[in-house]
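Chemist: Given next are the chains, with one letter for each unit.
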Amino acid sequence: MTIQRRRLLRVGLACSVLGVAGCVSTGSLGSAPKKDESDGDEDADGDGDDGDEAIGDSELILATTTSTYDTGLLEVINSEFESRYDVRVKTISKGTGASIRTARDGDADVILVHARSAEDAFLREGYGVNRRDVMYNDFVVVGPPADPAGIGDATTATGANTATGAFAAIAEAESTFVSRGDDSGTNSRELSIWEAAGIGPSGTWYREIGKGMGDTLVHADQTGAYTIADRGTFLSMADEIDLEILVQGPIEGGPALLKNSYGIILVNPGRHADVNYQAAMAYVGFLTSPAGQSIIENYTTNGSHLFYPNAISAEPNFTQYVPGDYDREESGRMTPDRVASTAASMVLGDPDGVSTQRVNPDATGVDER
Amino acid sequence: MTSAPLLFVDGGWTYLVSIIVVSMTVSVTAICLSTLFGIPVALAIGFTDFPGKRVVTAVINTGMGFPSVVVGLLVLMVLSNSGPLGSLDLAFTPEAMIASQFVLATPVLMSVSLSAIEGVNEPVRDAAYAMGGTRVDVALVVIKEARYGIVTAILAGFGRAISEVGSILIVGGNIVFSDGTSYTRTLTTAITVEARQGRYEVGLVLGVVLVALVLAVNALGSWIRSKGRGRGTP
Numbered sequence: 001m002t003i004q005r006r007r008l009l010r011v012g013l014a015c016s017v018l019g020v021a022g023c024v025s026t027g028s029l030g031s032a033p034k035k036d037e038s039d040g041d042e043d044a045d046g047d048g049d050d051g052d053e054a055i056g057d058s059e060l061i062l063a064t065t066t067s068t069y070d071t072g073l074l075e076v077i078n079s080e081f082e083s084r085y086d087v088r089v090k091t092i093s094k095g096t097g098a099s100i101r102t103a104r105d106g107d108a109d110v111i112l113v114h115a116r117s118a119e120d121a122f123l124r125e126g127y128g129v130n131r132r133d134v135m136y137n138d139f140v141v142v143g144p145p146a147d148p149a150g151i152g153d154a155t156t157a158t159g160a161n162t163a164t165g166a167f168a169a170i171a172e173a174e175s176t177f178v179s180r181g182d183d184s185g186t187n188s189r190e191l192s193i194w195e196a197a198g199i200g201p202s203g204t205w206y207r208e209i210g211k212g213m214g215d216t217l218v219h220a221d222q223t224g225a226y227t228i229a230d231r232g233t234f235l236s237m238a239d240e241i242d243l244e245i246l247v248q249g250p251i252e253g254g255p256a257l258l259k260n261s262y263g264i265i266l267v268n269p270g271r272h273a274d275v276n277y278q279a280a281m282a283y284v285g286f287l288t289s290p291a292g293q294s295i296i297e298n299y300t301t302n303g304s305h306l307f308y309p310n311a312i313s314a315e316p317n318f319t320q321y322v323p324g325d326y327d328r329e330e331s332g333r334m335t336p337d338r339v340a341s342t343a344a345s346m347v348l349g350d351p352d353g354v355s356t357q358r359v360n361p362d363a364t365g366v367d368e369r
Numbered sequence: 001m002t003s004a005p006l007l008f009v010d011g012g013w014t015y016l017v018s019i020i021v022v023s024m025t026v027s028v029t030a031i032c033l034s035t036l037f038g039i040p041v042a043l044a045i046g047f048t049d050f051p052g053k054r055v056v057t058a059v060i061n062t063g064m065g066f067p068s069v070v071v072g073l074l075v076l077m078v079l080s081n082s083g084p085l086g087s088l089d090l091a092f093t094p095e096a097m098i099a100s101q102f103v104l105a106t107p108v109l110m111s112v113s114l115s116a117i118e119g120v121n122e123p124v125r126d127a128a129y130a131m132g133g134t135r136v137d138v139a140l141v142v143i144k145e146a147r148y149g150i151v152t153a154i155l156a157g158f159g160r161a162i163s164e165v166g167s168i169l170i171v172g173g174n175i176v177f178s179d180g181t182s183y184t185r186t187l188t189t190a191i192t193v194e195a196r197q198g199r200y201e202v203g204l205v206l207g208v209v210l211v212a213l214v215l216a217v218n219a220l221g222s223w224i225r226s227k228g229r230g231r232g233t234p
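Chain order of the listed sequences is A and B. Under the working numbering, think of the first position of the first sequence as 1, with each following residue one higher. Under the working numbering, think of the first position of the second sequence as 1, with each following residue one higher.
A few of these clues could be false.
[Said to hold, decoys possible] Across the chosen pairs, the derived CB separations fall in these ranges:
#1 E195/A with L36/B: 37 to 47 Å
#2 E195/A with L73/B: 23 to 33 Å
#3 T204/A with A212/B: 39 to 49 Å
#4 D179/B with L191/A: 51 to 61 Å
#5 V69/B with N302/A: 26 to 36 Å
#6 T134/B with D274/A: 48 to 58 Å
#7 L220/B with I312/A: 50 to 60 Å
These are calculated hints, taken from the structure and not from any lab test. Glycine included, every Cβ here is placed at the ideal spot set by N, Cα and C.
Isolated chain B, as found in the complex (with noise of 0.2 Å):
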């Protein structure tokens, strides 16, 4: 009965792999949906000429410095029981911290993503066309060409999801039930925990847990970059 049995029982394994399962889960998932949405949506503004685009390319770069408490706090006043979705009951849920990593990394994700497409050289495009290819065949191509450039984006947004913690502690509420399994207790809000009881060991632990995961995905991620870069030239 101290003040710090969750990282204690049964050597704290519960604890902490609840935590690192739950930042887990949330970060991957918003970042799924968020490449879904956003790489089409970047192909589109990449591949198209309107007038205002320059506008639309200045609001997601915009979105790329988006605060993320002020992105809490809107997701929370959308979803909270007297908010237009609190019909859903999604307030303090891992939902709605997905919801609002998502919206904090999309910009992040499409914002890099539509500079490597528009990076890819006009001739190369212009070959395509050139060799009988429909338009998905050049998206296609355009794609293959800027791929390195839309995976680094994927992990960008990836490592803004993950090492994000001011909205996730407003939407989620920092929750963990008293078997010390975590509801929406990331790595980052258990560090706040830690910090706020000024036992900073602990949080520099959890932190230095944090730095791993991330380091893990990048390099999975430049695995697939380079694994792509030799299969790629034919």
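Chain A extracted, bound-state conformation (with noise of 0.2 Å):
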């Protein structure tokens, strides 16, 4: 009997041992990126205002869509910034309404996303802050080579707007439309598209599968089934896929309500003190300088340009820093100093004040320029 238990004890012994080193291994893997948050000191901001750290705990999480990481432009931004500025990129890739819920909860310390109406929302609300319009592409109606509802003819037949024409066609006809219905923005897009068409899309056409770009466009191409995807997910899908684009967006002369407009947006360290503010301000501002632009716009897949990018430009652009239907003058009203400020720019010839408002009227995002 006490053999035995001896025996028993040393395998429960064993046992914990590998626990434990299980447990340690996890905690090397967990801390590792820190290691190195001293190295890169110098090279990161030389201001030194912030002691001996590099840039905030140098560990940035990037809460953003499918469309930015699936198209592997992401991957060469990040390692492009990680070795300028030592500081390692989380990046977490959902939907933009999930990407805002992340960083909603101080669980993020930057969104990239694609909904303007939802970033107005998270803007309004005072978790982000500081948003810059980083680059843009657009969304392309897809669909079966066959076009079995002819929306290739109904766009051109009417003419005015053809991505809702398309969307009418497709109604009519009752082909089957896959929906990504997961709050995202080509998903928000999608149905501001239906509204603007005047059709509540409802019938076992339409199916709303609540999941990401690339499985919606895989399920499209399964089922022959129309939908509507964002340009860069789609061509650098291309090869996996049959579908065509039937629709085009503006970058091929297609219509503005197609156009794919993608913002960067800081968490507000007013309302999570433990967010990595720093890190997130130098991400935003790489990837809305020359170096950052210029890899945006270099970033081909199969031959394709899949963003342009749009943070720099010679002339003022405010609606990108405030909500799209931003009114200064009703905000103003709130505090007796807003109000006071409100007026000294006034006075001091701000004639941009009040018309900058209604340069970006709607709230998807679309802006002519």
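With the hints as a guide, bring the two chains together.
Modeler: So, in structure tokens, the structure goes:
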């Protein structure tokens, strides 16, 4: 009996040693990125006013859309950013809605998303600060090459707005349409197109699958259905699927309704004190710098450009910093000193002050520049 | 600069090896913790009679079928910065994945080992008492008798943990660094990435690797069992 007890205790001991070893190795796994904290102090930011750390805690959590990740663009941007600033970027790719929720909970430091109305709500609620435009491409309506609903013909006939014309043709023919149905940027644009077309899509032909862009394209490809996709993801997957572009976006002369603008927003450190604000600022700075913008401009897949940078412009573009429907008069009334500063800027001759509110009137982020 | 560089930088070895390492580290750690917690609890439940024992057993058995995405959501809400344990900063870390796999695997492990422990015949326990054994001696005799079942329980828990994708996708965030090393991406979540980009073949290859790993661990388990059988009969 005692011999067996000893043997069993030995086995138990071995098991617990294994368990502890597992924990320790995971611990080192988790903290590995932090080891090179001190290395990049000098080249990261020379001002030295943040003590002995490079930037923040040298880890940055970026919540972004599947389109920026699946196209491979972020890998290129992040590796360049990491080598310049010695900050490790942890990228979580979900839909725009989920990314914003992650940021709202304080679990991300910065978001790169593409649904202006959701971004505006995020800013208005005080969770986001320092929004910048980063880049744009466009959405395309894709479908099987045979085009059973004839949306290619329908769109040339209606002329005025070809995206709504195409959607109307799909609804009329009751051809299968696959919707992301995941509160992503693409999903919210799709819904606003249905709204613009005056159609409430319903019926067995309209399938919400609640998945990412790639999944949705694969699903549409397998079932011979139509869907709307951002051009970047579509082009990067063109080899894998047989779908064709049936309605082009504004890059190829299509309607402005299909423009797809990406914005980057920091999580407000006033809401979540432990966000890595400095690293996030550095990331925004890099993405909107000439170097970052040129990476975006030169990034190609299968020989096609996927994204067009638009952060750098000689002309002022105030609407990128505030919600699209921001009304300075209205919010000025809330606090007396806001009114004073507004009045001061009026006196100082800020003629754009009022007109910029109307440059970008629709909340979808489409602007006509 | 294509959309599939991760698997093809230096032949994809860095990426593949690092996701295997993350998968194994997370699941093995979770299983060790759940063994350390689950087996003693299963022994305690198996050895004592108390009112409500049936209810406790039923709850544990229900836990086996607990949906992993729900576990993932709950763990994320607890560990999130705006959740009760937000100050620990554990959202989107391997530790969070270990936590969710622990929650998923423990009921499986407890349930299977509990039935193994209860399957040990009363006469065996009585004999152990009769031979003058203390409570600890009796426990060790029962563990020895139930060892096949307990190893099976650990393997079943491991199988549940390593093949699981719903919860670790939510709590881990599926993060891979830009140099192609995984932080919270496992074999299963890597397969979801390949599937959503239509690269089914690459996803299948990863699936084969995953199955091979599970097979290897099970082979190890049955080797331990057969070895135990060889030595165990005096």
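Chemist: Would you mind marking each hint as holding or not holding in the structure?
Modeler: Verification of the hints:
1. E195/A with L36/B: 37 to 47 Å: Given range 37 to 47 Å: violated, Cβ gap about 56 Å.
2. E195/A with L73/B: 23 to 33 Å: Holds: the Cβ-Cβ distance is about 30 Å, inside 23 to 33 Å.
3. T204/A with A212/B: 39 to 49 Å: 41 Å Cβ-Cβ, so the 39 to 49 Å window holds.
4. D179/B with L191/A: 51 to 61 Å: 38 Å Cβ-Cβ, so the 51 to 61 Å window is violated.
5. V69/B with N302/A: 26 to 36 Å: 35 Å, holds
6. T134/B with D274/A: 48 to 58 Å: 51 Å, holds
7. L220/B with I312/A: 50 to 60 Å: 58 Å, holds
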